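Starting from the known structure of chain A, fit chains B and C with the ligands onto it as the hints suggest.
Protein chains in written order, with my numbering: chain A, 2 to 390; chain B, 9 to 544; chain C, 2 to 285.
Check each hint, because a few of them may be wrong.
Unchecked claim - When the alpha-carbon atoms are kept at most 30 Å apart in a straight line, the in silico DSSO-like pairs for lysine-lysine are as follows:
#, chain 1, residue 1, chain 2, residue 2
1, A, K288, A, K273
2, A, K173, A, K194
3, A, K285, A, K374
4, A, K332, A, K288
5, C, K140, A, K341
6, B, K206, A, K90
7, A, K332, A, K343
8, A, K341, C, K129
9, A, K385, A, K313
10, A, K385, A, K274
11, C, K140, A, K332
12, C, K213, A, K343
13, C, K140, A, K385
14, A, K158, A, K298
15, A, K343, C, K129
16, A, K90, B, K502
17, A, K343, C, K140
18, A, K385, A, K273
19, A, K194, A, K298
20, A, K298, A, K285
21, A, K329, A, K274
22, A, K341, A, K298
23, A, K87, B, K502
24, A, K341, C, K213
25, A, K90, B, K436
26, A, K274, A, K194
27, A, K158, A, K264
28, A, K87, B, K506
29, C, K213, A, K158
30, A, K385, A, K326
31, A, K158, A, K285
32, A, K288, A, K298
What the hints assert, rightly or not - Pulled a few chain C residues facing chain A out of the computed Cβ check, cut under 8 Å:
#, residue
33, D120
34, Q121
35, L123
36, L124
Hints listed in this document are in silico derivations from the structure and should not be mistaken for laboratory results. All values reported here derive from a predicted model rather than from experimental measurement. Just so it is clear, CB atoms sit at the ideal spot from N, CA and C, and this is done for glycine as well.
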Amino acid sequence: MAHCTNRNRDRNRLRFGSMGLLIAGLLGMFSNIASAAWEFGLQDPMTATARHVYELHSLLLWVIVVIFIGVFAVVTWSIIFHRKSKGHKAADFHDNTTVEIVWTIVPTLILIAIAFPATSTLVQMRDTSQPELTIKATGYQWKWGYEYVTGDAAGVKYMSVLSTPREQIENKSPKGEHYLLEVDRPLVVPVGKKVRMLLTASDVIHTWSVPAFAVKADAVPGFLRDTWFRAEKEGTYRGQCSELCGKDHGFMPVVVEVVSVEKYAAWVADQKKEMAAAAEDPAKIWKLDELVARGEKVYAATCAACHQPTGKGLPPVFPALDGSKIVKGPKAAHLDMVLKGKAGTAMAAFGAQMSDTDIAAVVAYERNAWSNKLGEVIQPAEVKALRGK
Amino acid sequence: MQATQHAGHAGHDDDSHSHGPTGLMRWITTTNHKDIGTMYLWFSFVMFLVGGAMSLVIRAELLSPGLQYVSPEFYNQMLTLHALIMVFGAIMPAFVGFANWMIPLMIGAPDMAFARMNNWSFWLLPPAAILLTSSIFVPGGAAGTGWTLYPPLSIQMGMGMDMAIFAVHILGMSSIMGSINIITTILNMRAPGMTLMKMPMFCWTWLVTAFLLIASMPILAGAVTMLLTDRHFGTSFFNAAGGGDPVLFQHIFWFFGHPEVYIIALPAFGVVSHVIPAFSRKHLFGYTSMVYAIAAIGLISFFVWAHHMYVTGIPLTGQLYFMYATMLIAIPTGVKVFNWVTTMWRGSLSFETPMLFALGFLVLFTIGGLTGLVLAMTAVDIQLQDTYYVVAHFHYVMVAGALFSAYAGLYFWLPKWTGHMYNEGLGKLHFWLSMIFFNIAFFPQHFLGLAGMPRRIPDYAQQFADFNQISTIGSFGFGISQLLVLVVVFKAIKGGAKAEARPWDGARGLEWTVPSPAPHHTFEDPPAFDPAEAHA
Amino acid sequence: MSHPAAANRYFVPAPSHWPLVGSLALLLLASGAVLTMNSIANGGFVLMGGFAVLAVMLFGWFGRVIGEAESGSYNLQVDRSFRWAMAWFIFSEVMFFAAFFGALFYVRVLSVPDLASADQALLWDGFKNQWPSAGPAVKDPFTPMHAWGIPAINTLLLLSSGVTVTWAHWGLIANKRQQLIIGLALTILLGLVFISLQAYEYGEAYSHLNLKMTTGVYGSTFYMLTGFHGFHVTLGATMLIVILLRTVKGHFTAERHFAFEAVAWYWHFVDVVWLGLFVVVYWL
Ligand code: HEA
Ligand code: HEA
Ligand code: CUA
Ligand SMILES: [Cu+2]
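The shape of chain A in the complex, shown without the other chains (with noise of 0.2 Å):
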């Protein structure tokens, strides 16, 4: 081989040496060396389960530098002082069976040593007995719905929107600190009691996750599943759907707010009022101008994510209303619609989210917004009439 005996020496000496290098600043890199501005590892942890997945994840870290750095050791030792370059001849051995059964076996040792920290962790992880608080928790594209289910505020129910302004999404104003992390109503759970998380969905797969607590579990239409965690601190904690749930997946955020046991009794007092002032009168005739009003907000909040403010949509997968057939047709489709939603689309049986009220407003609103100029009222009974059906 003759371009091999003519190469460069030097810069080869050159190029080895800034290949350690290399390898020495991504190992480097590796340790849990924390700054401010350069997150290197975990966040920190916020409750028992999670410390321990932090050690055992430290615990891991060393165990694979450590192996790493023992292999490329005698890597790099080959590189420096067996090349052919500098005249050194190939030995000829090709098989030890001692030594294939002892790197079989060192290994497995290895494996097992560290398979008892991280068996006992899940274990930990895993067990849901005993909760003193059960919230529910719905993934809906693409917002967070919560119920609690038991303790006092049992029945206490509501949406967790993000909070982010559009403008800021769209790079139209700056930033806020807690950018694509915040949400109109967090969660709101006590400090230092044990939360058991129910699960589900209602449209398609999402997944609750609060790194700071060590739970991520995934919502499945269909099944609830169960996590839990036990708040340490009182403070608010984020985290984010963690399973591509469609079109705004990076949009749905996941906040906790844990207080203290005496501000969450009063919070869970004003829940109750708030419930019994909404509590509307179901038979209660509206005015077009007051359900319109009422009809724009719930747009806003829930039906926008698709349809757009504009109401032109997001053809083809997600229709216009304004000038839509099915909106400016005869008002029990368009109810239908949303009360049933349309299976295997994304759009939702929206019946089961929203009160007789807040639908006809929306419908009331789709129905004279735009160019979609009705000038219909849609009563309350008239959804609560068709829901059976």
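For chains B and C with the ligands alone, kept in the frame of chain A given last:
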């Protein structure tokens, strides 16, 4: 593409007694394993550029927080097509291309066992690629589900999803026919005297890979068929209301998907097992244990699938079982790594481009394997699932693993294919640029994942901005460096130093006993097997 | 074609355009299916075009292979290749069915019991664990398929057809052409009766039992498994017909008859799948 292939082979034709059609028809109708191998390789490279261009769309959007260039829907489509094209269009065909070119040469066979069907295996790829790429332009766009195609999201998609489903069916047919061909060739057409335990390592890895393909591709076909009937014919396999379960799809998908990752990795191991001994001027260390390790990896790969499903709510016992089973795979893979390292030990090493890429593979694949081990620990994976840590893990094993190994093979065998030495300086430049930019692009993704950045999002919170910026810069650097391959390959086709039959003094095997470039027909009568060329 | 001077060389076929025709057929089939399923005009024509091109390809390609086989181009090594290939092809088919059997196992053992468990009561209150089941939300009552009517007869038919095809094979080996032809014809007849009964059963299911594809997971798994099986029986019967026609033309010898054996293997495979179906879909 056709024109370049043809130009590329002008040099071949004078020493071949090829008969039959010429021009474009030669390539369309060919039954020659070398022609077909060449077509696979070119196809794979073109798909790599297309899939890579899509990854650059992804990385450009992720350069800074906020939505800049593409809508979230389009981002999801790019993501899905990037992965499907890279896995099924670029990496797998690349290794099938190597298999076509080299297996008959390595075992002394005149061609593949079923030469005409071999051509069909190749020509099934373009229709599949057309279905996949053109789905961007149909109403509703391509599937925006990620390459895992999970329902119910995939039930919501438009007709682009159906195109992806049929593309998967066609790709599956191609892989199954290709695998049947490879298994039959290896089992039935070895030169007299070449026992299985004397067979070149690349053939062993392909034998096991072909088995994995035949066993797993039909499973994927079944999964997407159920998806199709759920979408259009009202079945309820993946719908709880009808008694089905969306998670059922995940089980079936990963029963295919995990063997799939070894389908990508094993031929890469095979190439490296040729390159490292050649440039260490030594026999491959531990041939027998290598064979057992390959078989063990292939077997275990069918029993670990649910490590992709730790957060779906499978029972604790399931999680524990899959964790232990997954850890087990580190053992045979470790055996392979240690054998390669020992092959180099006390060798007479030189560092031509193939060897550099094999070393790059060794270092970076091991990093990727070790982070795989971290992910195997269920408790830790629950933190890291669906974050960029996973993205980093699999790009280390698939780009720095499989792709680097493919480059090692390309540089190693290019002289045999073209009859010319490639430009060593350009080759080395290609390696070093790739090595450096690859790490800039993907190493920071570990940190992003640990800090909690989810994958598959077009926009992200502010604290992830710095590392994403670095990653994007690295990705563009890496992508642009890959264009050097074109330069190197064209230069080698056009001319350059004439390659000897055995251009690498340490290389062993029947493939080096035929002239460079390899004549159109080789080993029409079985060669005598010279034990000196054996790998063991 | 092979070089006369090297009669015993491994046969490498001459360049052929059939692979490209086959790919075109699949592209048309796939595009046609996509268009039809999404109710886009003219999809049906594209689909038919695909079938037509596929048929032309199959005739052309297999005609070529039969010609090569009959002209003695294939030496014993090629024959061994064909055997390996057929065996692995059948293995791939086994795995394809495994996906659907796996789905059936999963819904029966895991998803339906899970949906009916106390854990899910918040979502599906009142849903009872039983099989057959159409799931918690499909309210239409339906009658499941009974095992000991037509399905049991079908089992007998397929098992006998396995015997007749073996009897035909003995005839071929012993050079008793008469026995070969009668055996093949009987096998085909049994296969066709099976298919007809299966079609009748589907008709009954739709018109009288209210058992449809849309009948939850029971309907889904029932039609998916029996449907793909029926499709394979149809394929097998078609191949048997081709073999019968070739036999009548005087093809195959007592020593060299790989095509016959391949089709017989395939037929046995279809038989075994049916036994699995009979037990887990109809009986248990
Ligand atoms: C070529 C492809 C390839 C290869 C070879 C691997 C190899 C491995 N992978 Fe990876 N993996 C992927 C491709 C690949 N993976 C892809 C594409 C995904 C994501 C899919 C998606 O969601 O889109 C994924 C995801 C993935 C997950 C799921 C993560 C998640 O989504 O949450 C897990 C979890 O267990 C995992 C584990 C492993 C393990 C344990 C190995 C092992 O085989 C690694 C073994 C190697 C070593 C361990 C290093 C060498 C060994 C030694 C030096 C010996 C000494 C070592 C010890 C004693 C520890 N992988
Ligand atoms: C073997 C497979 C393979 C390969 C080779 C690659 C290669 C690359 N991948 Fe990919 N990737 C996957 C398989 C692969 N990937 C998979 C399976 C996923 C998961 C998808 C999912 O979540 O479903 C994924 C996801 C994925 C993500 C995550 C996105 C997300 O979760 O939101 C990112 C982001 O950085 C990424 C980046 C890259 C980059 C920068 C490269 C680079 O290495 C590419 C370099 C090559 C080029 C850039 C081409 C060069 C060409 C030009 C410069 C010019 C182009 C010109 C023309 C075409 C005319 N990939
Ligand atoms: Cu919801 Cu992602
Ligand atoms: Cu895996």
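Do the hints match the structure? See the list:
no.	hint	in the structure
1	A:K288 / A:K273	holds, 28 Å
2	A:K173 / A:K194	violated, 42 Å
3	A:K285 / A:K374	holds, 24 Å
4	A:K332 / A:K288	holds, 17 Å
5	C:K140 / A:K341	holds, 17 Å
6	B:K206 / A:K90	holds, 25 Å
7	A:K332 / A:K343	holds, 16 Å
8	A:K341 / C:K129	holds, 25 Å
9	A:K385 / A:K313	holds, 28 Å
10	A:K385 / A:K274	holds, 25 Å
11	C:K140 / A:K332	holds, 28 Å
12	C:K213 / A:K343	holds, 21 Å
13	C:K140 / A:K385	holds, 23 Å
14	A:K158 / A:K298	holds, 19 Å
15	A:K343 / C:K129	holds, 27 Å
16	A:K90 / B:K502	violated, 36 Å
17	A:K343 / C:K140	holds, 19 Å
18	A:K385 / A:K273	holds, 24 Å
19	A:K194 / A:K298	violated, 36 Å
20	A:K298 / A:K285	holds, 19 Å
21	A:K329 / A:K274	violated, 39 Å
22	A:K341 / A:K298	holds, 21 Å
23	A:K87 / B:K502	violated, 34 Å
24	A:K341 / C:K213	holds, 23 Å
25	A:K90 / B:K436	holds, 24 Å
26	A:K274 / A:K194	holds, 24 Å
27	A:K158 / A:K264	holds, 18 Å
28	A:K87 / B:K506	holds, 27 Å
29	C:K213 / A:K158	violated, 39 Å
30	A:K385 / A:K326	holds, 23 Å
31	A:K158 / A:K285	holds, 23 Å
32	A:K288 / A:K298	holds, 16 Å
33	D120	holds, 6 Å
34	Q121	holds, 6 Å
35	L123	holds, 6 Å
36	L124	holds, 6 Å
Checked against the numbered hints above, the structure breaks hints 2, 16, 19, 21, 23, 29 and satisfies the rest.
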